[in-house]
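Produce the entire structure from the sequences given, and follow the hints as far as they go.
The chain contents come next:
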Amino acid sequence: MKIKSNKDFASGLMFMGVGIAFAWGATTYNVGTGARMGPGYFPLLLGILLALIGSVITFKALTVETADGDKIGKWAWKPLFFILAANFAFGILLGGLPSMGIPAMGLIVGIYALTFISSLAGNEFNAKGVFVLATVLAIGSYVAFVWALKLQFPVWPSFIAG
Amino acid sequence: MELFNNLALGFGVAFTFQNLIYCFVGCLLGTLIGVLPGIGPVATIAMLLPATYALPPVAALIMLAGIYYGAQYGGSTTAILVNLPGESSSVVTVIDGYQMARKGRAGPALAAAGLGSFFAGCVGTLILAAFAPPLTEVAFKFGPAEYFSLMVLGLIGAVVLASGSLLKAVAMIVLGLLMGLVGTDVNSGVARFSFDIPELTDGIGFVTIAMGVFGYGEIIANLSRPDDEREVFTAKVEGLFPTKDDFKRMIPAVLRGTALGSALGILPGGGALLAAFAAYTLEKKTKLQPGEVPFGQGNIRGVASPEAANNAGAQTSFIPLLTLGIPPNAVMALMVGAMTIHNIQPGPQVMTSNPELFWGLIASMWIGNAMLIILNLPLIGIWIKLLTVPYRWLYPSIVLFCAVGVYSTNNNTFDIWMVGAFGLIGYIFYKLGTEPAPLLLGFILGPMMEENLRRALLLSRGDWSVFVTRPLSAGLLAAAALLLIIVLLPSVKNKREEAFVED
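As they're listed, the protein sequences go chains A and B.
Each residue of the first sequence is one higher than the last, beginning at 1 in this note's numbering.
Each residue of the second sequence is one higher than the last, beginning at 1 in this note's numbering.
It is worth saying that the hints were derived from the structure and are not from the lab.
There could be a bad hint or two in this list.
Stated by the list, open to error - Residues of chain B placed beyond 10 angstroms of chain A at every Cβ, according to the derived structure: (1) Thr-136; (2) Glu-137; (3) Gly-143; (4) Val-152; (5) Gly-203; (6) Phe-241; (7) Thr-286; (8) Phe-295; (9) Ser-353; (10) Leu-387; (11) Leu-488.
Stated by the list, open to error - Simulated coverage check for chain B against chain A, where a stretch passes if three residues somewhere in it have a Cβ under 8 angstroms from a Cβ of chain A: (12) 170-179; (13) 427-437.
Every residue gets a Cβ at the ideal spot worked out from N, C-alpha and C, and that includes glycine.
Here is the structure:
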């Protein structure tokens, strides 16, 4: 059997998988009856519904003809990796990871790291330009978030600020 | 006149110096970010939401409403100047607006969009003020069964408008509903699907979903596309004011667009997008006057009417939110989230328990519209400059704002891990061609739906027929079924698919 729409086939499988996972998870809680719904009732219902819809989507993907096979296409690994890496690096630097003994480096260091790493996701990388951008963002964020909005951040590395 | 008393109360609240400033800042920020290419209103509001945490609730909501209008307006500016709809409801503005810009008439196109939106906004605000109180009365008659059916109708209405596959959109809603259930169950105290992670027992933060899926997901998707050369009409915006002929054609178009938009906006799930499409179709059907440019080649009516309609629709889509507490679209879902952060439970009780908030918000919508006109037409030069900011500077800033924004919600790095995960999920959605907006709507409605279903079935002792035996509930469900049937009819189905493909 040939897959007629790759996108629909994959998304159908995804919905089925997630639906089954939720439904299965829901059975570990008290399901109860309609008149006395337990915490598992509604999620079980929705999980089954999602799995059903997913199977219909998968079925249609195998039967309904599409013009070009609805290819999913190449995954953009580079932007995906660098954007997410920038995000996680920022989180680690901002708050530290006490469980792994990484100290908090604070907002400013985090901004420089985030800007540099995320800039690698694009096609061109110009270190000087990125440095200027990071500095502008660092000053701007300090003024906007810390000074004007008074949000609570560890601004400087914990071993300096104490 | 009660209406005028209420509006007077509202203007009294909105016209304080502090609230005017917040409204202004909201409009300014909203336009600023809305103009930037590749960021829709959902991402804009999610990004700017943390900026309102520290404000008092009235001021925060006023500012958010300003951001919403600004983002809407910024979207039409990019539509006209760059052939890039900043958001879905300006998709039709692109068709004639960009052609006008190519012919050197970007100024009149922008003015038509601005003036049309302003007029529609005024009318929409009046309708909102006039219809909200009687609708609230109706809402108080709603039992849990009616609420459940109403949410079904709202969700179905929202998908009918999603582009692409209807089934996938329904699946996304259900997925959203499920994700909304993560966390502690209010009735039994059981932490569901939390994998013993303490942060997850409070549920998934809707800001993390919105920013991850709409912010990161979109950035990754944008970066994966090759840079296409964009023609930006920066130099040619002179002679802002439309000619007398333009006005003559614009005015009836704006009136028609406003009427259509106001009516469609009230429907659950309707809102700005449907309004804009319908208005453009209507204009195309009306006969061309002698000497008029055909549609698709830069007809001013093709800009004025959809813009008026989407603004009127945006305004009246606040009606279901404020009176029933049910968000009709993803943006309104964010507003619900914002309200709950400020400890306001949206619903019919808002008007009686917080009249100054309710009417202040309505009055500030009008003020926001007026500010947009004042802000946008003279400042258009600055907005155009923003369009030329290269994306390689833009996206690191967006990533930063998202990361800072989610962190500041709870001052917890856990939210940063979550937003990263949702960025990945958002990109997967993009690759699989599933639209994320219904997910957000389902996410907000999930707990509400469960609660109302639980209550309805408790009252009926587990009898599901309660949803069809109560007339109001049955009517709402019938409307939902009708909507589904209409969309699935072969003739409408083809038209719908056509409408979402390039015109």
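### Query
If you check each hint against the structure, which ones fail?
none
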